[in-house]
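From first to last, the protein sequence lines stand for chains A, B, C, D and E.
For reference, each letter of the first sequence is one residue, going 0 to 353 in numbering that gives the first Met the number 0.
For reference, each letter of the second sequence is one residue, going 0 to 353 in numbering that gives the first Met the number 0.
For reference, each letter of the third sequence is one residue, going 0 to 353 in numbering that gives the first Met the number 0.
For reference, each letter of the fourth sequence is one residue, going 0 to 353 in numbering that gives the first Met the number 0.
For reference, each letter of the fifth sequence is one residue, going 0 to 353 in numbering that gives the first Met the number 0.
It is possible that some hints are incorrect.
What the hints assert, rightly or not - Partner residues are not named here, just some residues of chain C that face chain D (Cβ under 10 Å, in silico):
#1 Ile33
#2 Asp91
#3 Lys100
#4 Phe222
#5 Lys225
#6 Pro229
#7 Val295
#8 Met336
None of these hints come from the bench; they were simulated from the model.
Backbone N, C-alpha and C fix where the C-beta goes; we use that ideal spot for every residue, glycine too.
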Amino acid sequence: MPRFIKKTSKKMGLPPGALVHIGEKRLEETRISIIDYDQAQFQEKELEKIIESLPFKDKPTVTWINIEGVHELQVIEEVGKHFNIHPLVLEDILNTGHRPKVEDFGDYIFIILKMLHCDEKDDEIEAEQLSIVLGTNFVISFRESGRDVFDPIRERIRDAKGRLRKTGADYLAYCIVDAVVDSYFVILEELGEDIDSLEEESVTEPTQETLRRIHALKREMVFLRKSVWPLREVISTLERGDSSLIHESTGIYFRDVYDHTIQVMDTVESFRDMLSGMHDTYLSNVSNRMNAVMKVLTIIATIFIPLTFVAGIYGMNFKFMPELEWRWGYSLVLAVMAVIAVSMVIYFRKRKWL
Amino acid sequence: MPRFIKKTSKKMGLPPGALVHIGEKRLEETRISIIDYDQAQFQEKELEKIIESLPFKDKPTVTWINIEGVHELQVIEEVGKHFNIHPLVLEDILNTGHRPKVEDFGDYIFIILKMLHCDEKDDEIEAEQLSIVLGTNFVISFRESGRDVFDPIRERIRDAKGRLRKTGADYLAYCIVDAVVDSYFVILEELGEDIDSLEEESVTEPTQETLRRIHALKREMVFLRKSVWPLREVISTLERGDSSLIHESTGIYFRDVYDHTIQVMDTVESFRDMLSGMHDTYLSNVSNRMNAVMKVLTIIATIFIPLTFVAGIYGMNFKFMPELEWRWGYSLVLAVMAVIAVSMVIYFRKRKWL
Amino acid sequence: MPRFIKKTSKKMGLPPGALVHIGEKRLEETRISIIDYDQAQFQEKELEKIIESLPFKDKPTVTWINIEGVHELQVIEEVGKHFNIHPLVLEDILNTGHRPKVEDFGDYIFIILKMLHCDEKDDEIEAEQLSIVLGTNFVISFRESGRDVFDPIRERIRDAKGRLRKTGADYLAYCIVDAVVDSYFVILEELGEDIDSLEEESVTEPTQETLRRIHALKREMVFLRKSVWPLREVISTLERGDSSLIHESTGIYFRDVYDHTIQVMDTVESFRDMLSGMHDTYLSNVSNRMNAVMKVLTIIATIFIPLTFVAGIYGMNFKFMPELEWRWGYSLVLAVMAVIAVSMVIYFRKRKWL
Amino acid sequence: MPRFIKKTSKKMGLPPGALVHIGEKRLEETRISIIDYDQAQFQEKELEKIIESLPFKDKPTVTWINIEGVHELQVIEEVGKHFNIHPLVLEDILNTGHRPKVEDFGDYIFIILKMLHCDEKDDEIEAEQLSIVLGTNFVISFRESGRDVFDPIRERIRDAKGRLRKTGADYLAYCIVDAVVDSYFVILEELGEDIDSLEEESVTEPTQETLRRIHALKREMVFLRKSVWPLREVISTLERGDSSLIHESTGIYFRDVYDHTIQVMDTVESFRDMLSGMHDTYLSNVSNRMNAVMKVLTIIATIFIPLTFVAGIYGMNFKFMPELEWRWGYSLVLAVMAVIAVSMVIYFRKRKWL
Amino acid sequence: MPRFIKKTSKKMGLPPGALVHIGEKRLEETRISIIDYDQAQFQEKELEKIIESLPFKDKPTVTWINIEGVHELQVIEEVGKHFNIHPLVLEDILNTGHRPKVEDFGDYIFIILKMLHCDEKDDEIEAEQLSIVLGTNFVISFRESGRDVFDPIRERIRDAKGRLRKTGADYLAYCIVDAVVDSYFVILEELGEDIDSLEEESVTEPTQETLRRIHALKREMVFLRKSVWPLREVISTLERGDSSLIHESTGIYFRDVYDHTIQVMDTVESFRDMLSGMHDTYLSNVSNRMNAVMKVLTIIATIFIPLTFVAGIYGMNFKFMPELEWRWGYSLVLAVMAVIAVSMVIYFRKRKWL
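The shape of chain A in the complex, shown without the other chains (with noise of 0.2 Å):
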């Protein structure tokens, strides 16, 4: 539940734009990095405060600030001061149960996302949200922990390969927007594992804990859907190019991105699909078995009632019960209970009960 939404009631009766961090406080000191980048030279740095970073903001390179963790009040303070940035776009980033959105403010353009990682121990996504500042010359990323997803976007600026030095900060937004999104498909890979190896389960061998994990699967892809689905609509308006900020060369590229988000979402569905029908075979397998298991039970003791009943007979002690005094009566007694309990088998066989 604490997935679905977020404690969000210590915000009641404040005004709006009031700073209050949302969510739960993955890291202990908020870490603040610089990467200053143009064609011909890069410059990195560990910043102790915002402040440090105003030299860069205006030169004419690009500037990217990346801030992770979101619950030190006074560092998003000073970003919205500095960068002079609206203080609902600070509420937002600081609330860090919001669905992905866009919004441009003409100055800088706001993007949220959702990072997601498969959470080793108990096997659930978690979600990370993602803030970005996008402006003409800078972007600004704001995560609640520090895992090293931007690694490689770093190496490549370091590398000063491909097109990520000579072009933006449009360009740097995309790659992070698109370092995002393939992460998606690790998960989906992931996951898709899962789905494998137990459809196969819930055929050779259904057990409780198969539906168990068929309906905590069902809830993953609830969980998924609701971070991808208006991601979609978040990156067709950046793709669109309305905004200054994104140049026409770079929109090509988030149109690349919006055909992965679309396969992401393609594959949610499939999965869903998939796991309403693994849900199907297990019950039909369940109850196929129960049903086996009773009608042979049944079977068996409706073969020996009558049977028992031939016995009771025998067993009653009237005195003028000439059967009882014959020689072969005793023989002959088991000779009919062999032939009705035969005779039933092959009946229950012929009507395919058996």
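Assemble the complex: chain A is given as a structure, and chains B, C, D and E must be docked to it using the hints.
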């Protein structure tokens, strides 16, 4: 049921615009309070009659008239007369079963919202209708009860901190709408906790009470959805800012509320999905338990029926039953019975029925 | 079934515009009444023939011709001739199985609505078709029966209070549409009460009759929906005021009816949701009861089967059965049986089967 | 299945526009008939070859060529040559598995419809493809079989009554489309009666045959829907009157057919809803009956099992069983048994199990 | 599962446009063949390297380069270099898990389709990605395997019959797309036959294998749908003819393919409906059989239980049991038992339980 439809039959045959109160009376007396403010000063007052508010109306300051209790027709009529409001609007204010909507009458905008709160006693969500008339320099809010949800707004007016005192009536209207939408999150958190505890219950020890509560929560979701769904349209209309009564700088705030509304709707949908999942879990858990019971019992019966049959055979009173005379006949039969029982148990084990 | 499709096969092969009455005849004779009014005066009359209405038609006053019973072809034909109405419109008036629609013919607007009322006898909702032809200064309404639903409107014309006498034919048409939509609320209230009582029943003592009534109500909802759904489009078209026959000041009133229609549809959807929920509740209640019965019975059987087996053993007639000779054999066996029974009950209790 | 997909594999690898007949051959020989008319006169003729129709084509009169049987390729090819029709259109005429569509080629409009009729033998709905080519002054209709559905239209041409003789080829096309849509109502009436009788059956005495027929009707609905759904778009396109071939005065008639199509679709949806409802009713009825049987049987068994146990006790052969010696022992035991049986019945009654 | 998602994790962290082959390698070596034609002549050749195709590229004739096997990166890279194709396109060609799409790059149009064929061995539908680059006078097609689906097109080029040799590259592209869509009908026919035979099976003798195959076919439908659904959009884009690369006269042919795509989708939906229906039929058939078995068995048991009880009574060893002494006691008891059995059978018959 009373929550889904209100008795409107007393209106049958009346001309449109006829003022009839529909809904239950929640307050003994109608309370009218007024706050009048601009950046420099503010004034707060309880009114006896609407007419006392007229001096404020013509001043350039922002005037907020809050009316609690809408069952007294002459109060509503007076508001209509003094503020020149269309009879159909007055009719809508009195009909508390209305769905959220917004209508632009040029001189003023008319908004209907639903305020929700969780009833402590029977754990049901209750809705109260909030009608807002937003004019150039006044806001009139009509409520059914007098619960203290707007106190934080009043506090902010008194404090003169933040944007509220510096801006116009449209920002005040925004603050009211925002407070209403924020209160939905509180409801959702409470429901989320209920769902959470129910989920565990439905896995560990499902009782019929569990099912009843799942159904009850499902109904709450239907109700919640009915209240929130049209809200999206309402706020989207306000945000678009077609009306000259809402300034562009306030539009961005309405966009923020819009995001929150979408988030509420998302959560409601997720909760619905989860409740459906829980319903399925419950049903398969209950049927699994039932099946397990029946299976074990049937197996016990099935093992003893052949044994009883054997006992029945040697209970027959035939004269010539050689086994009866044997020295070890009894012991032999007991042994045979044990062998039958044990081999049946082994067979059932092997076929995984036990 | 007759409610979902009317016999139209008698029309097969006829040219379009051919006048054939489809539906049942609900009145012996067609009744024609006329009301003619403006702000200053009004006149009311029963007519023998349509031709008597022509003098009113050319006056600037508003003329309302109400025709009850549409099975007499020559009446409809005369209306067509004198008021210059398209043959297809006349055909639609006679075909009482039409779905609600609106068509603008320039000179006049043609509206089809469904009037609903609850049949007392078999508790079924019955629909009557109401066709309205709205011209510049006249309204012609065609109804199938003569139930007194328009009396309040006539009363308002006679009283000369309110807007009705001061406005044109479009406002009269609005009043008729409004009366129809208002009557839906009465139906919904009745259904709501039925649903309410059924809900309790389906929890406390569900019988097969409960199920039958849930299914019946579900069908009523399908029927209701079919009548109301297209209505939305009809009224939305009227509200938009593309036609010069509907003045802008009346448009706002149609917007009000539109709101009511949405509310009706909302309620119908909520009722559908509730009925589905009740169906589920019913089914799980019934199956719970059944399971409880079966479980207890099976447990009783299961306890006695081993006991009977023990009794069977000592009923065997072996010569050498030492226990039979023991002084306390009988008592011992009874004691053993008691121990078996008690321990089984304890075991079942512990596993929560009892 | 053959109704849902037709063998098109023989077309694999052929160039587009290649003429191959797809579907079954329903007539031995292709029959070509022609009717040529204007307001003053009309002429009717059976043709041997398409070329005989050319003299009519160039006259200003309306020419209707009706071709029954589309399996003779050279007939279709000739039509294509003489009337200058696109090869893809000819291909579509031959491919009888097409879905309804309309295409405007400027000089002519090409329409594909489905004619439905109920097969007497196996109660299945069968579809026949009707292709219409509408030119300025000619209509060519292609049908698969020669059933007499267009006779009423021919009759109207001969009679010279109504609009038909006074108007152009577009009105004739309308008449054909109208006849097709009208014939759907006949199908719906037949299905409606089937559904009606089934409904009663599914309540009073549900057998497996009932279920089979419900499933069969459901499939008919899927088939019907597939034929009718695209029709809406077809007629909507014709009604909008973008083509110069359809006069505005005919547009209003197409609007009328459009209404009928909507009505057909509405009824199909209602039938689907009803069939789903009946399926549910059937299932719960069957399971109710089954449960009632099982319950009574189980109760009988449960009452006798303890009694048999008591009898078993006194059937034991212990030496020292004092009760056996008692004078009234037997009577007492019988009395005890009666008390047990009666109290169990009372208990079951009280718990409403019986 | 591998069919729903392909391993893309090896791309994680790579810059966009990085060429990595995703999917399985289906051919040992990449094969490149070229056909160059205009109305007058044609030339056909196998190529070693892409560079050999350059002479053809600059001629006004239509050049079709068909590349089978996309796992050799340098081939794809060369194509990119010589034909000036965007790196993202090359990336998409190599990523064989893409969904169908079309992109207009001005100079060329890039199309991705899915070719489907039924795998003989495991009866599964397999998809192969077909990428098409359509330039002004060339078409480059990239395929994963070398199955001979395009042979009929090549044959038509060699034959110089039909439109193909007279038209441009856009018509060639159309022919390829048409061949792909046509091949879907073959798949659908095979599936249709499977469904047909399954349907009979599910009515006459449903086994668990039947259910397994229904589920398998359902999954095939999900897969088919995923491949076909986006195709509609692709072809709709091509048909609209916004690009100058597709002439208007070819647009009409794409409209024809569009119709076929709709037909494929329609059939897939119908098949889904039918499979759902079969699933229901199967389940109710199985449960009916099960119920019939259980009912008969329970009735047998129920008849013998009271009889066994009677036998038990006279098996008791009371001293004073007068009936035991009677001359006809035994016969009488047997008669009473017969009466009980017969009357129970009659009762069960009357209540239609037997």
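Hint by hint, here is what the structure shows:
no.	hint	verdict
1	Ile33	29 Å, violated
2	Asp91	8 Å, holds
3	Lys100	6 Å, holds
4	Phe222	8 Å, holds
5	Lys225	6 Å, holds
6	Pro229	8 Å, holds
7	Val295	8 Å, holds
8	Met336	8 Å, holds
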